[in-house]
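Each chain sits in its own coordinate frame; assemble them with the hints.
Protein chains in written order, with the numbering used here: chain A, 1 to 112; chain B, 1 to 110.
To be clear, the hints were calculated from the coordinates, so they are not data collected in a lab. Note that beta-carbon positions come from the ideal geometry of N, C-alpha and C, so glycine has one too. Some clues are possibly wrong.
To be verified - Using 20 Å as the maximum straight-line C-alpha spacing, the simulated PhoX-like pairs for lysine-lysine come out as follows:
| hint | chain 1 | residue 1 | chain 2 | residue 2 |
| --- | --- | --- | --- | --- |
| 1 | B | Lys2 | B | Lys109 |
| 2 | B | Lys92 | B | Lys2 |
| 3 | B | Lys56 | A | Lys57 |
| 4 | B | Lys2 | B | Lys70 |
| 5 | A | Lys31 | A | Lys57 |
| 6 | B | Lys97 | A | Lys57 |
| 7 | A | Lys31 | B | Lys92 |
| 8 | A | Lys31 | B | Lys97 |
| 9 | B | Lys92 | B | Lys67 |
| 10 | B | Lys92 | B | Lys56 |
| 11 | B | Lys2 | B | Lys67 |
| 12 | B | Lys67 | B | Lys97 |
As the list claims (entries may be wrong) - Covered stretches of chain A (chain B as the covering partner; in silico rule of three or more C-beta atoms under 8 Å from a C-beta of chain B):
| hint | region |
| --- | --- |
| 13 | 15-23 |
| 14 | 71-84 |
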Amino acid sequence: EADIYQTPRYLVIGTGKKITLECSQTMGHDKMYWYQQDPGMELHLIHYSYGVNSTEKGDLSSESTVSRIRTEHFPLTLESARPSHTSQYLCASSVGGESEQYFGPGTRLTVT
Amino acid sequence: QKEVEQDPGPLSVPEGAIVSLNCTYSNSAFQYFMWYRQYSRKGPELLMYTYSSGNKEDGRFTAQVDKSSKYISLFIRDSQPSDSATYLCAVKAAGNKLTFGGGTRVLVKP
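Chain B on its own, in the form it takes in the complex (with noise of 0.2 Å):
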């Protein structure tokens, strides 16, 4: 089983859509969870990073982690086509390396 599952999609949404992704992870060690945005041909980069349980907002992203049910949530608020890409979530335990999920392929459309 893998450490973090995320469904490939692709999801597919009309432009000023809400956009929600998610992870689920199985190793209640981890402490860190990122979002990285991954568009066509280049590499990844952050987006969101949270520490422990709760909320975090940016802008139009908000990042939720919910430890008790090792699942973590991106949402993206008035989706624009430049949001289009790749969206990985990668989480940590203290002292260990990254580990990312196989991202979500997202689509959104004018």
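Same shape as in the complex, but just chain A (with noise of 0.2 Å):
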């Protein structure tokens, strides 16, 4: 089983709060990645980490934003939470190529 870690698991908030969702590898991987998930659709790209200190947004726009201090923590920071932000966020890692990523177990967000 992969080591990769998301908190909270789910998190109901209100709008207008700023909230930081978690997100640790034990394994080491160089790679990392957020992707946004709404049920029954696809994985969406949303933020994606290289290494240390280096960060690109993904395909879909967000309106989050990550840092990369360290190898193992990759968390995802939403300034101001909105409705259209209810979602799930799933954090993945990699090493070498990016075709097999281990995936946390995600953290299920609702901003009411």
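Spelled out as structure tokens, the structure:
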């Protein structure tokens, strides 16, 4: 089983709040990713990182930001949550090529 | 048009039956083809990985890629209730990111 962790698993928060979704991996993988997944829909890449101090935006426009200060840690922050941010957020990591990605269990976010 | 199309299902089969899943894609540049399995309230996990065309077998699972038709398949033999999950195909071109299908939900009934 992959050693990639996400907290919290579930979060219900009011509009306008600042939130940080945590993602950590203990595998020493250099590449990390954040995906957004709505029920029954595709995973959409919102951010990725190829290493410390490297972050890029993905295909899906997102109002979130990320940081990569340590190899094992890749948090995602929403400065001001809105109901449109309600979704599941999945963190993943890989080493070498990007085809084999290891996913965390996800954070299910609801913004009221 | 989506780059990867996948029937959302659900696909319901009796235990022991063969499960047949497929995806079509539009970009001939895709060279890497993956199948991920996602259980409810969990993240996806990689099941099968194929480079270019051909077949690959791993236990009860067989993945097929037909690049001429832009068609990929996953077969699950002797299906078990524990195979009940959503199966996501994913494709990738060299140097690019993964593109996922929307997933097919599979229910294997005892």
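>> So if I understand the rule, the pair passes when the alpha-carbon distance is 20 Å or less; does Lys2 (chain B) with Lys67 (chain B) pass?
In response: holds, 17 Å
>> Lys2 (chain B) and Lys70 (chain B) were given as a pair; does the straight-line alpha-carbon distance stay at or below 20 Å?
In response: The given pair, whose Cα atoms are some 13 Å apart, holds under the 20 Å limit.
>> Run the distance test for Lys97 (chain B) versus Lys57 (chain A): straight-line Cα separation, threshold 20 Å.
In response: Within the cut-off at roughly 12 Å; holds.
> Given the proposed pairing of Lys92 (chain B) with Lys2 (chain B), does the C-alpha separation stay at or below 20 Å?
Replying inline: holds, 14 Å
> Counting residues of the region 71-84 of chain A that have a beta-carbon nearer than 8 Å to any beta-carbon of chain B, does the count reach 3?
Replying inline: violated (count 0)
> Keeping to a limit of 20 Å between CA atoms, is the pair of Lys31 (chain A) and Lys92 (chain B) held or broken?
Replying inline: holds, 16 Å
>> Lys92 (chain B) and Lys67 (chain B) were given as a pair; does the straight-line alpha-carbon distance stay at or below 20 Å?
In response: holds, 13 Å
> Mind checking, does the region 15-23 of chain A have 3 or more residues with a CB under 8 Å from chain B?
Replying inline: It is violated: at least three residues are needed, and the region 15-23 of chain A offers just 0 whose Cβ sits closer than 8 Å to chain B.
>> Given the hinted pair Lys31 (chain A) and Lys57 (chain A), is their Cα-Cα distance within 20 Å?
In response: holds, 14 Å
> Given the hint that Lys67 (chain B) pairs with Lys97 (chain B), does the C-alpha gap stay at or below 20 Å?
Replying inline: holds, 19 Å
>> What's the verdict on Lys56 (chain B) and Lys57 (chain A), does the C-alpha distance respect the 20 Å limit or exceed it?
In response: Distance ~33 Å between Lys56 (chain B) and Lys57 (chain A) Cα, so the pair is violated.
> Holds or violated: Lys92 (chain B) with Lys56 (chain B), Cα cutoff 20 Å?
Replying inline: Distance of about 17 Å is within 20 Å: holds.
Consistency with the previously given hints fails for numbers 1, 3, 13, 14, ordered from lowest to highest.
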